Amino acid sequence: MPPDDHGHRLPESGRTTRRGRSAAGTAVLAVALLAAGAGGVLGARWVLTELRSQECEFRAAERTETFTPEQSANAATITMVAVERDLPRRAVSIALATAIQESGLRNITYGDADSVGLFQQRPSQGWGTEEEILDPVYASHAFYDALLEVPGWQDLEITVAAQEVQRSAYPDAYADHEWEGRVLASTLTGETPAGMGCSLDPAGESGSATDLLAKAERTFGASGQVEGTTLTITAASEDSAWAVAAWAVAHAEAESVVSVQVDGMQWDRSQETPTWHNDEDGGASGATVLITVAG
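Counting with UniProt numbering, you get residues 1 to 295 for the letters of the sequence shown.
Heads up, a few of these hints could be off.
Label-pair distances were calculated between CB atoms; the ranges are [to be verified]:
1) T275 - S206: 24 to 30 Å
2) Q225 - E131: 29 to 35 Å
3) L148 - S124: 44 to 50 Å
4) S124 - N278: 48 to 54 Å
No wet-lab data here; the hints were simulated from the structure. The model shown is predicted, which means the values in this text are computed figures rather than measured ones. All C-beta atoms, glycine included, are put in the ideal place defined by N, C-alpha and C.
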């Protein structure tokens, strides 16, 4: 069980929360059951493989939160910007709860007045140009810059700290997403190893390990080596390695990542479940992360 944002252990509530599956997901299950009756187990398995929804699960403090690959990638970007700046996990929880409330963790091009992006920042209020704000890395830095200007922000309730930055017309709304923010922060910072994973369709196109390294360099200052379709990143610590690994899995859909190996564990895109398993190849240990893209 991970500690809370202040380093204390979270209470064991015995409660597991999870976002409900969509109506489309329910329809998929119904079709699969029909296929099982008409074509047997193999038919049902084919339907589930072809029509399953792509999603990422985040598990910490006996809770499970589910997000789309797009939302997960944005959450990982917000997190890794904080990791690169050596900010405490509390900052990540605040930022993620804010982005969930403001945009649903989507980099939207619209909003109230001239608000855009993950945090619904406004060019007219000095947050930057619209183009800059629509860059998740820039927007994350801008949010953290403003948060660090709030006196005593680390000791404020998440919703209060978020409101000090955002100045929203709905100051209490951020509290609705406090637990989601904490669970995401715990898994994406590496505090809860192997706490997140994604169930994805097969990669539709080849990936580029070189482009992925460039993305990692820009987001969190990573350095690494590329050999063919594999990117190797050596992190500063095992926790940091798990953060890098979670970032890679969260960006797997966008970057055609097919495998991530870290600390003797592996996430494999071909799996039907979003879980990690023992790495039989033993390709990565300690603070080393191996990320393989589709060739």
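For the pair Q225 and E131, does the Cβ-Cβ distance stay inside 29 to 35 Å?
holds (32 Å)
At the C-beta level, are L148 and S124 separated by a distance inside 44 to 50 Å?
Hint violated: Cβ distance 23 Å, outside 44 to 50 Å.
Could you see if the CB distance from S124 to N278 stays within 48 to 54 Å?
holds (53 Å)
Within 24 to 30 Å: is that where the Cβ-Cβ distance between T275 and S206 falls?
The hint (24 to 30 Å, Cβ to Cβ) holds, given that T275 and S206 are roughly 26 Å apart.
Violated hints amount to a single one, hint 3; each of the other numbered hints is respected by the structure.
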